[in-house]
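Could you slot chain B onto chain A? The hints should help.
There are 2 protein chains.
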Amino acid sequence: MRVGIIGLGLMGGSLALALRKYKLVSKIYGCFRSVKQTKEVLDLNLVDEVLNIDELKEKSDLIVLAISVDKIIEYIPKLLDININTTIVDLGSTKKSILDNIPLKIRSNFIGAHPMVGTEKSGPSAAIENFYENSVVVLCDTNMNSSYHLNRVKNIFSTIQMKIIDMNSSQHDIHACFMSHLPHAISFALANTVMNHEDPISIVQLAAGGFKDMSRVAKSSPSMWIDIFKQNRDNLLESLDLFKNQMNFIQTLLEDEKYDELENWMKKANTLHKIL
Amino acid sequence: MRVGIIGLGLMGGSLALALRKYKLVSKIYGCFRSVKQTKEVLDLNLVDEVLNIDELKEKSDLIVLAISVDKIIEYIPKLLDININTTIVDLGSTKKSILDNIPLKIRSNFIGAHPMVGTEKSGPSAAIENFYENSVVVLCDTNMNSSYHLNRVKNIFSTIQMKIIDMNSSQHDIHACFMSHLPHAISFALANTVMNHEDPISIVQLAAGGFKDMSRVAKSSPSMWIDIFKQNRDNLLESLDLFKNQMNFIQTLLEDEKYDELENWMKKANTLHKIL
Numbered sequence: 001m002r003v004g005i006i007g008l009g010l011m012g013g014s015l016a017l018a019l020r021k022y023k024l025v026s027k028i029y030g031c032f033r034s035v036k037q038t039k040e041v042l043d044l045n046l047v048d049e050v051l052n053i054d055e056l057k058e059k060s061d062l063i064v065l066a067i068s069v070d071k072i073i074e075y076i077p078k079l080l081d082i083n084i085n086t087t088i089v090d091l092g093s094t095k096k097s098i099l100d101n102i103p104l105k106i107r108s109n110f111i112g113a114h115p116m117v118g119t120e121k122s123g124p125s126a127a128i129e130n131f132y133e134n135s136v137v138v139l140c141d142t143n144m145n146s147s148y149h150l151n152r153v154k155n156i157f158s159t160i161q162m163k164i165i166d167m168n169s170s171q172h173d174i175h176a177c178f179m180s181h182l183p184h185a186i187s188f189a190l191a192n193t194v195m196n197h198e199d200p201i202s203i204v205q206l207a208a209g210g211f212k213d214m215s216r217v218a219k220s221s222p223s224m225w226i227d228i229f230k231q232n233r234d235n236l237l238e239s240l241d242l243f244k245n246q247m248n249f250i251q252t253l254l255e256d257e258k259y260d261e262l263e264n265w266m267k268k269a270n271t272l273h274k275i276l
Numbered sequence: 001m002r003v004g005i006i007g008l009g010l011m012g013g014s015l016a017l018a019l020r021k022y023k024l025v026s027k028i029y030g031c032f033r034s035v036k037q038t039k040e041v042l043d044l045n046l047v048d049e050v051l052n053i054d055e056l057k058e059k060s061d062l063i064v065l066a067i068s069v070d071k072i073i074e075y076i077p078k079l080l081d082i083n084i085n086t087t088i089v090d091l092g093s094t095k096k097s098i099l100d101n102i103p104l105k106i107r108s109n110f111i112g113a114h115p116m117v118g119t120e121k122s123g124p125s126a127a128i129e130n131f132y133e134n135s136v137v138v139l140c141d142t143n144m145n146s147s148y149h150l151n152r153v154k155n156i157f158s159t160i161q162m163k164i165i166d167m168n169s170s171q172h173d174i175h176a177c178f179m180s181h182l183p184h185a186i187s188f189a190l191a192n193t194v195m196n197h198e199d200p201i202s203i204v205q206l207a208a209g210g211f212k213d214m215s216r217v218a219k220s221s222p223s224m225w226i227d228i229f230k231q232n233r234d235n236l237l238e239s240l241d242l243f244k245n246q247m248n249f250i251q252t253l254l255e256d257e258k259y260d261e262l263e264n265w266m267k268k269a270n271t272l273h274k275i276l
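Protein sequences appear in the order of chains A and B. Counting from 1, one number per residue, gives the positions in the first sequence under the working numbering. Counting from 1, one number per residue, gives the positions in the second sequence under the working numbering.
One should not assume that every hint holds.
Since the list gives no way to pick one copy over another, a pair counts as held whenever it fits inside one copy or between any two copies.
[Unchecked claim] Simulated pairs of lysine-lysine, DSS-like, Cα-Cα distance not exceeding 30 Å: (1) K212 to K244; (2) K212 to K274; (3) K36 to K59; (4) K258 to K71; (5) K258 to K121; (6) K39 to K267; (7) K121 to K268; (8) K59 to K244; (9) K212 to K21; (10) K21 to K163; (11) K21 to K154; (12) K27 to K57; (13) K21 to K36; (14) K244 to K121; (15) K267 to K244; (16) K71 to K267.
Quick caveat, the hints were computed from the structure, so don't treat them as lab data. Every value quoted in this text rests on a predicted model; they were computed, and no experiment measured them.
Okay, chain A solo, but in the shape it has when bound (with noise of 0.2 Å):
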């Protein structure tokens, strides 16, 4: 099989490696931005050759996806021509408003996918072999696809180690919204907390693990973060809501030093160690 993979970061990267990896490839295609980037994604060995769009899509089975999800919908022009047996596969973080663009003639080939994993770095430096092993996968409104092409996807992440689970893109942006979304929306609003309190000398001397995982995902990439938190703005919105609810329930339970009722509160929280 031949991939062509729009977007050479950490997702569209780590495939590549994965994609190597399981011997699931003969050649891997990137498509050229700049002399630079061209030959960072030849010097670690993401791609085998650098193509124009055009080219890339005359020769790959399988196109990928790994852009940021507005650059995702901004490129469904470019494809619109492919041979009917190209399949396309997109990584993006949302899903609804990706697969509602996505016109007919190519709906069928088309798969929205989301692999739950991620880390805080970016750029083609970043990718690593066995990022997505042992990771989920969710895969969005499938009614719509092919089976030819549904198959050849669910194929590759099943070979390169992820659990695949079927879901419609409402529902998958709720969830992917209060398990991912709002958790970034947090950290952002805590690093930017502390860093207008604290000077930069405190913050390396006092942080502790707590900080640092809480903080963590705060490096994220804006540009990346901005477009996820556009698309899936009313969801985001809803649970900000509901986590200023919490926020404000141990505000006040502080002021009114209602410590047993904070303290059922904490341990209703403690709970997730249960689960996770």
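Then chain B, alone, in the frame of chain A:
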């Protein structure tokens, strides 16, 4: 040196293991609580002998208080008759209330220390030999200590590979609030938000690194953390206000679809990677 440790959980138990590793002790004593607890700390080799408090006071050159911050204050009256050469050190996460509660009689013997390290785990089985290595320990209001006691404690912390920082207890409590207590409060709130909204199966299936990291400290002991929140209430309320301002900011920008401003706010949070 003979060391008595009151509280042999993550903090006290790990200190026992570090004291043995660096050959700083001839004997480690624990304080009797129940037959089961006594057996556990002996089986884990955290102590050589379990004594009652009077025996422990008589035999120990150094007494370590590694219990929850309210219990430290409750314990102090039992230590008023220590020998003039006996040192006491507490490892609590708050410092001002504790140090303000030490009677003058033993004030020069009593070192207030906060090791800036932790995990969500608790109890004797959570103890780890190299837990403290390469971490920071804050010593507070040390102008109240005699150099005899202070040097004994500093020597221990530096031998077990900790970096020592001096700070006054009011400043400590503010820094510890922003760098640790606020992040814990947020984690409890996030865990409750997600568990109220999401079913356990979705949480297990869809939790990636971001949520796992951000909810980890919500698994911390509520009985330990309620005392910290109580003792650092005023600072915590102030930090919660500042954090809520940040949450209101993101919410307003999302509502008004001011994405450029929102991205700039995220870029500001993103600069954390230059510090940590």
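Each hint tested on the structure:
1. K212 to K244: Both. Shortest intra-copy (22 Å) and inter-copy (20 Å) distances satisfy the 30 Å Cα cut-off.
2. K212 to K274: Close inside one copy (23 Å) and across copies (13 Å); limit 30 Å.
3. K36 to K59: Within one copy, since 23 Å is at most 30 Å while 69 Å is not.
4. K258 to K71: Close across copies (19 Å), not inside one copy (49 Å); limit 30 Å.
5. K258 to K121: between (41 Å within a copy, 25 Å between copies)
6. K39 to K267: Answer is between; shortest inter-copy Cα gap is 28 Å, intra-copy 53 Å.
7. K121 to K268: between (33 Å within a copy, 16 Å between copies)
8. K59 to K244: neither (50 Å within a copy, 52 Å between copies)
9. K212 to K21: between (32 Å within a copy, 27 Å between copies)
10. K21 to K163: The answer is within: 18 Å in one copy meets 30 Å, while 43 Å across copies does not.
11. K21 to K154: Within one copy only: 17 Å inside a chain, 51 Å across chains, cut-off 30 Å.
12. K27 to K57: within (13 Å within a copy, 73 Å between copies)
13. K21 to K36: within (26 Å within a copy, 51 Å between copies)
14. K244 to K121: both (28 Å within a copy, 27 Å between copies)
15. K267 to K244: both (19 Å within a copy, 23 Å between copies)
16. K71 to K267: Classified as between; 19 Å across copies, 43 Å inside a copy.
In terms of the numbered hints stated before, the structure departs from hint 8 and from no other.
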